[in-house]
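Visitor: My request is simple: use the sequences and hints to build the entire structure.
Here the protein sequences line up with chains A and B, keeping their order.
Going by UniProt numbering, the first sequence opens with residue 1, and the numbers climb by one from there.
Going by UniProt numbering, the second sequence opens with residue 1, and the numbers climb by one from there.
No lab work stands behind these hints, which were simulated from the structure alone.
Glycine included, C-beta positions come from ideal geometry on N, C-alpha and C.
You may find that some hints are simply not true.
Negatives, chain B to chain A, calculated, CB over 12 Å [to be verified]:
| no. | residue |
| --- | --- |
| 1 | G9 |
| 2 | V70 |
| 3 | H71 |
| 4 | S73 |
| 5 | R90 |
| 6 | C109 |
| 7 | A110 |
| 8 | G113 |
| 9 | R164 |
| 10 | E208 |
Covered, in the sense of this in silico footprint (three residues per stretch, anywhere, with C-beta under 8 Å from a C-beta of chain B), are these stretches of chain A [as the list claims (entries may be wrong)]:
| no. | region |
| --- | --- |
| 11 | 27 to 40 |
| 12 | 143 to 151 |
Under 8 Å between C-beta atoms, here's a sample of chain A residues computed to sit facing chain B [stated by the list, open to error]:
| no. | residue |
| --- | --- |
| 13 | G60 |
| 14 | M95 |
| 15 | L158 |
| 16 | R164 |
| 17 | L179 |
One-letter residues, chain by chain:
Number of protein chains: 2
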Amino acid sequence: MKSLEIPPGVAPAIILVEPQLAENIGMTARAMANFGLTELRLVNPKNGWPKKGVREAASGATHVLDAATVHASVPEAIADLHHVLATTARERGQMKRVYGPEEAMEAVCARAGQRVGVLFGRERVGLTNDEVSYADAIVTFPVSPDFPSLNLAQGVLLTAYAWRRASGRARLPFSGEMLSPPATREALLSLFGSLEAALDGAGFYPPEKREIIARNMRDMLHRMAMTEQDVRTVRGALKALTRGRGEG
Amino acid sequence: MKSLEIPPGVAPAIILVEPQLAENIGMTARAMANFGLTELRLVNPKNGWPKKGVREAASGATHVLDAATVHASVPEAIADLHHVLATTARERGQMKRVYGPEEAMEAVCARAGQRVGVLFGRERVGLTNDEVSYADAIVTFPVSPDFPSLNLAQGVLLTAYAWRRASGRARLPFSGEMLSPPATREALLSLFGSLEAALDGAGFYPPEKREIIARNMRDMLHRMAMTEQDVRTVRGALKALTRGRGEG
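Guide: Structural data, given as structure tokens:
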């Protein structure tokens, strides 16, 4: 079996309680895989398991679906875990701690070596109050009060993303590296000189504003953060443009 | 018209370039609405607009769909904006700054009063290198290298969520307020006393470990962070359990 980026038991388990739509389960598997989570648990999926359409919606994250476990109840699904969070959209009249995703996942990462699970409820009605009472704490999302209804798989995505960030694994796949080092000041000032000479020769500057305009253009070139290659490119363009003027 | 939580022009515009699936456009509208974004722009949607199935997938976020504008090209779609970000999964051989979602949205929020847009590419092939070159900078997501392919609407969700957080609007809809104040130390120590007397009377403690066990139980009760009501509840439970023992 292909070795996983993140070993089993490190990332939280995602537990869907009585999920109904194949679409949501598949998209959940995909969202998990996108951020390195692999442990999916399903409690009493509606209308059976496996479901038609799940594999298509998972869009390649079938390894998560194939490893998913099915349980008859929430207590059974969470039995081996050490810490459980319940996602809810509304306050539940229980005096539980309530976290946003970042805070919740930072607390999870502080529990190194412990197995953690996050419960997500039914599409229409969420988790029951009893199910919430089996969890240590609540996670809720900072949605707009105008439109608070978050799709199940999108709630999983935000949780998985917050976990990856809290665990220090959220590296960008690439960075904006300069392909050439910054130009030396000698090269840059020399370019200023060539540019200003060409513009002088072309009668560009109104005489009373020559200094101000020249300095503004130097500032524009500074803002470009020009590399050695950039300076060569611009010098070449300037030369091409001024060919035949007796310049360059 | 219902007044929006966030006035027009404050949040970034989301620009989908040649999106293909109604599902993705609808889920994009929903993801935007969840975090208070309202401005959706579509460039040359595949197979026409509006699309069958979009409204269902938007799950109530039809106000975003109804206000969406359609454009023939990326330059047309971004013409009025002051700053544009392009989402890409892969490095594009251009020397552009590359941001993760948080960093990108913090920079966006620093541009108060400027109109910003974020470009999302085609489901299969993303944005062309030309389209990327029209943007000021790139945004990419810190996905798992094992499974980097992020669904279009899920990329929009992460962007919208990161914006809401960067803009200081990411408040949780409810918090875990204690419904009763913490118990005074008098009430708590009195409970310790009653509990320990009951356990003494029941012969619970092995004599040589009495102090250690009693102190561990006090620690457990401290960890509960008991409120006044909690102390009353536990005192009542203790009384009920010891009824008939001549205790309580």
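Visitor: For each hint, tell me whether it holds in the structure or not.
Guide: So, going through the hints one by one against the coordinates:
1. G9: holds, 17 Å
2. V70: It holds; V70(B) is separated from chain A by about 23 Å at its closest Cβ, greater than 12 Å.
3. H71: Consistent with the label, H71(B) stays out of reach of chain A, its closest Cβ about 25 Å off (over 12 Å).
4. S73: holds, 25 Å
5. R90: Check fails; 7 Å does not lie beyond 12 Å.
6. C109: Per Cβ check, C109(B) is outside 12 Å of chain A; nearest 15 Å; holds.
7. A110: holds, 16 Å
8. G113: holds, 20 Å
9. R164: violated, 6 Å
10. E208: holds, 31 Å
11. 27 to 40: holds (count 7)
12. 143 to 151: As far as the region 143 to 151 of chain A goes, the hint holds, because 9 residues have Cβ atoms under 8 Å from chain B.
13. G60: For G60(A), the interface hint holds, since the closest Cβ of chain B sits about 7 Å away, which is under 8 Å.
14. M95: holds, 6 Å
15. L158: Since the shortest Cβ distance to chain B is 6 Å, the answer is holds.
16. R164: With Cβ-Cβ at 6 Å, under 8 Å, it holds.
17. L179: Cβ of L179(A) sits 6 Å from chain B, so the hint holds.
When held up to the earlier numbered hints, the structure conflicts with 5 and 9 and fits the remainder.
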